[in-house]
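Visitor: Chains as they are written, first to last, in our numbering: chain R, 1 to 541; chain Z, 1001 to 1541.
Please keep in mind that the hints were generated in silico from the structure rather than gathered at the bench. One thing to keep in mind: the hints can contain errors.
[Unchecked claim] Here are the simulated SDA-like cross-link-like pairs (lysine to any residue), alpha carbons at most 20 Å apart as the crow flies:
hint, chain 1, residue 1, chain 2, residue 2
1, Z, K1322, R, R333
2, R, K521, Z, G1183
3, Z, K1521, R, T525
4, Z, K1232, R, S290
5, Z, K1386, Z, P1231
6, Z, K1232, R, T427
[Unchecked claim] Sample of chain Z residues facing chain R (criterion: CB under 7 Å; computed from the structure):
hint, residue
7, R1048
8, P1294
9, T1408
[Stated by the list, open to error] Which residues of chain R face chain Z? A few of them, derived with a C-beta cut under 7 Å, are:
hint, residue
10, N26
11, N195
12, I206
13, S209
14, T215
15, I230
16, K232
17, H281
18, H282
19, Y286
20, A402
21, Q511
22, T514
23, S520
Note that the structure is predicted; figures quoted are calculated from it, not measured. Note that beta-carbon positions come from the ideal geometry of N, C-alpha and C, so glycine has one too.
Protein chains: 2
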Amino acid sequence: MAGTGTASNTSTVDFFRELRDRLGQNAVDDSRSAVETYGRTAMPSAPRPSGVVRPQSRDEVIDCLKLANEHRKPLYPISGGKNWGLGSACPTTDGQVVMDLSGMTRILEVNEQLGYAVIEPGVTQGQLFQYLQDNQIDLWMDATGAGPDATIVGNLMERGYGHSPNGDRFHNSCAFEVVLADGSVIETGWAHHPNSQVSNLFKTGIGPSIDGLFTQSNLGVVTRATIWLIPKPQAFKAYVFRIKSDEELAAVVDALRPLRSLGVINSVVHLANDYRVISGHHQFPYDRFSGEDPLPEAARAELRKAMGLGHWNALGAFYGTKDSVQGSCRAMRKALRGITKPIFIDDAKLQWFDRAYRIAKWIPAVQRLNDSVTSARSAIALLKGKPVHDHLAGSGWRSRKAWQDQPTDPLDRGDGIIWLTPLVPLTGDACQQFLSCVEPIFAEFGFEPLLTFVMISGRVMCCPTTICYDRSSDVESLRAKECYRRLLSVCTEQGFLPYRCGIQSMSTLLQTNTNGSTISKLKHTLDPLQIIAPGRYQSIH
Amino acid sequence: MAGTGTASNTSTVDFFRELRDRLGQNAVDDSRSAVETYGRTAMPSAPRPSGVVRPQSRDEVIDCLKLANEHRKPLYPISGGKNWGLGSACPTTDGQVVMDLSGMTRILEVNEQLGYAVIEPGVTQGQLFQYLQDNQIDLWMDATGAGPDATIVGNLMERGYGHSPNGDRFHNSCAFEVVLADGSVIETGWAHHPNSQVSNLFKTGIGPSIDGLFTQSNLGVVTRATIWLIPKPQAFKAYVFRIKSDEELAAVVDALRPLRSLGVINSVVHLANDYRVISGHHQFPYDRFSGEDPLPEAARAELRKAMGLGHWNALGAFYGTKDSVQGSCRAMRKALRGITKPIFIDDAKLQWFDRAYRIAKWIPAVQRLNDSVTSARSAIALLKGKPVHDHLAGSGWRSRKAWQDQPTDPLDRGDGIIWLTPLVPLTGDACQQFLSCVEPIFAEFGFEPLLTFVMISGRVMCCPTTICYDRSSDVESLRAKECYRRLLSVCTEQGFLPYRCGIQSMSTLLQTNTNGSTISKLKHTLDPLQIIAPGRYQSIH
Chain R
1 MAGTGTASNT STVDFFRELR DRLGQNAVDD SRSAVETYGR TAMPSAPRPS
51 GVVRPQSRDE VIDCLKLANE HRKPLYPISG GKNWGLGSAC PTTDGQVVMD
101 LSGMTRILEV NEQLGYAVIE PGVTQGQLFQ YLQDNQIDLW MDATGAGPDA
151 TIVGNLMERG YGHSPNGDRF HNSCAFEVVL ADGSVIETGW AHHPNSQVSN
201 LFKTGIGPSI DGLFTQSNLG VVTRATIWLI PKPQAFKAYV FRIKSDEELA
251 AVVDALRPLR SLGVINSVVH LANDYRVISG HHQFPYDRFS GEDPLPEAAR
301 AELRKAMGLG HWNALGAFYG TKDSVQGSCR AMRKALRGIT KPIFIDDAKL
351 QWFDRAYRIA KWIPAVQRLN DSVTSARSAI ALLKGKPVHD HLAGSGWRSR
401 KAWQDQPTDP LDRGDGIIWL TPLVPLTGDA CQQFLSCVEP IFAEFGFEPL
451 LTFVMISGRV MCCPTTICYD RSSDVESLRA KECYRRLLSV CTEQGFLPYR
501 CGIQSMSTLL QTNTNGSTIS KLKHTLDPLQ IIAPGRYQSI H
Chain Z
1001 MAGTGTASNT STVDFFRELR DRLGQNAVDD SRSAVETYGR TAMPSAPRPS
1051 GVVRPQSRDE VIDCLKLANE HRKPLYPISG GKNWGLGSAC PTTDGQVVMD
1101 LSGMTRILEV NEQLGYAVIE PGVTQGQLFQ YLQDNQIDLW MDATGAGPDA
1151 TIVGNLMERG YGHSPNGDRF HNSCAFEVVL ADGSVIETGW AHHPNSQVSN
1201 LFKTGIGPSI DGLFTQSNLG VVTRATIWLI PKPQAFKAYV FRIKSDEELA
1251 AVVDALRPLR SLGVINSVVH LANDYRVISG HHQFPYDRFS GEDPLPEAAR
1301 AELRKAMGLG HWNALGAFYG TKDSVQGSCR AMRKALRGIT KPIFIDDAKL
1351 QWFDRAYRIA KWIPAVQRLN DSVTSARSAI ALLKGKPVHD HLAGSGWRSR
1401 KAWQDQPTDP LDRGDGIIWL TPLVPLTGDA CQQFLSCVEP IFAEFGFEPL
1451 LTFVMISGRV MCCPTTICYD RSSDVESLRA KECYRRLLSV CTEQGFLPYR
1501 CGIQSMSTLL QTNTNGSTIS KLKHTLDPLQ IIAPGRYQSI H
């Protein structure tokens, strides 16, 4: 089996039998349907796993790893497998056994005073949100747009970003419990210390900080993590604003940079282009256009107008006290003066607006405002840490299957998406340069660019770049694949490097990485038989 | 040589000769005076280095490491060696050769737009500050109280904390250039990529995040790092306030926690006890008391009154725009209502106050305010990123040598200090529990507790705990050593674990650390001959 670096010394059948003996019949599945389910991705093609094992506890994870070492079989850990557009649950190479941790769903502790939750890898965004609600805990969690069924640890291990002040998920986490390939267990930071009062409060212990080693990694299996939550703020105000053009976008980025660097803007700002927003509410009009070319500009403008969108659309929020939020709103308004005008929205305003709208919807200005408010409403829930399904709709933009209900998993509908995550310096110039790199490529391959600039810090943005395509069409699938290849190659060439990547690019991107050989050495030390996810964020030859 | 894990296979003389051949006569010094200078610490006793080598560039660092491998001699890298109270420049075990990087003083790039500086390990706080001034760059750096001569990278590698919004130095750094023990070079994050636009803007690349490995570590030698700076804020207001008692301190901590968690307080807050502040301006009155017992309460109260201090004294600042700072000030005032009243100070107010004071100093309220302002003035410079010598004075509290000028290096005066850095949960209860642990130990050993609670995040404080003693007195030195041992043991037992530690405790603290064996494995992989700083943040047997 080329590429996995693992010599199988027993048959896969033996391995599955022993896994069944140890974990029970129901914990193991190598049926055709399991292989198909876990091999599903939103990408044009992907490797095929050989089956799945579902440990329910850390000790069962240890059992799996020990057996895998004995049988020299690779195990590919996933939390929930909702890594759509980057490989979902699918292993990096053919024949790996998926180790599905989604059954490990314990919320081990929530500390309201100090703002943290200790969770297992199967805990979903929806589950933690509900737990906080049910127990009337005045903490807000950070949520991503991946919906209630996506796990938190899965995204954390990818070093993903949400929307709140704790949007940098890796930075806002600690105390990883990690099972190493040999079955030994370590706990990062001070979490291993029996008397520690600070395990869940501080990322590092004494000596080298090692938790970063287990993110975007195949060096261990994280079976527990602490994530930090914010206290329910006294005041919360979301802001939305429209941006008319790329030039105006550049001006906005430059105007907001100092506020973001100083923490006046204390959470992640999302700047989504029209297509990204439209895709959440509409599908490509295949009844009017073939899809071989991107949607004509006139149709794009029509949809934009109907939805009351700008060419770019900003979304974010301030979290604090009444005074601090008021101060921040003023600072933002002034910074944007002469460019655009932010609209601030809080719960009171939404309620007031609902009442006013019923009376005054015949006034054009009120109607226009309603369009903005409507498209922002579920986004605001997200900003407050409520995971919602709505944002998954976008993956069906190029699907030919109509949808009635909100999808809970884009794979169920067979949506086609490929994701890139380039990093772009936080300057207007860099934005424009990035757009002039990627937009012509989308056009060339006949796709609409679905783009978001996410101000993850005061220096850099990540730019989730989505290729939506009709996965039922071989022609579109092929074009999507080529489009991805070109986008990645041009972005890499131009220095807009990704912050994470899909399973199809891990080996390639790490081959040119001079850190790669150090990481390979560490892998060889910690996992000499290449048991854990060979090829995951690793260069394989 | 027990403890170093290194078998010397040539004589030290040969090693020094070859170092001289390679780097030049002046780069190497194994004279008695060099050994003494580099072996100086503020602690009661310490190991003895065997000499020093001073590479001037990355390539010379590589040369040193290659020779050290050939000769199997340990090299102990230091940036500037100003790690007072934790070991200064002194190696962890006898006989190591100090590799002094203080000659690598290049500031390779400062980017005003994106707020970063690329520096070598010898760049001092004072040097970078002066560079920003001389080049009229509108960026503020983060400064610690260690003064202008302390290096930035040295503190960063210890994961130290400063005062500004970028006070968490490790979090606000990236793109480490690291020479590994075998002489190979890696660059963390995307810094290795030739076309990268984001090397200096984002901490991680693709795959495992490894820069944490090289902090509090002996796994490599960092020869370049990028540190992040903040734009000069439109508005800046420092705040100071007095806290009357430990109970009031507890209330303050609980009141400020939500503001810190939400980022309304967007920088590090320092809460120093009276002794910590007094020690910066006075010395122990050995003319009145023997020093066998702590200063009597009456004398303490007298000094506190003379300096207009509270039992605890808060210092911090808001950085932002006029509006946001105003909002934050209001939020803080309200949060502290009924407990204490913060005084907000900016440059305009200082100037205004100077004028008013000249006219109205006969008014008691003005006089009292002046005391607060005076003691805050140099602290405010620090908050604005200006490193000042003033804060080093405290190390001489128990010195019997009177000082005229501000010391620039406590070692020159032979000051005795031992530092502990326990972490304390950010709750009033934990503060009180911590105080009830450590204060009786100071009393028992006849020392004054010099304590600061530093709100480094919304969940945890670090508590720099200083034992000041008269290093010229064998009796006091012995008591200080015992006092340290007890403090560390009780703090560890009670779960107030340190965020860094002195060279005398590294091995012990890591022996009880279950991550220790993993780190040892990594060390063995990257540095099989134990060349780099054996025993530094490593358990040795």
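Visitor: Which hints, by number, does the structure contradict?
Guide: 4, 7, 8, 9, 10, 16, 17, 18, 19, 20, 21 and 23
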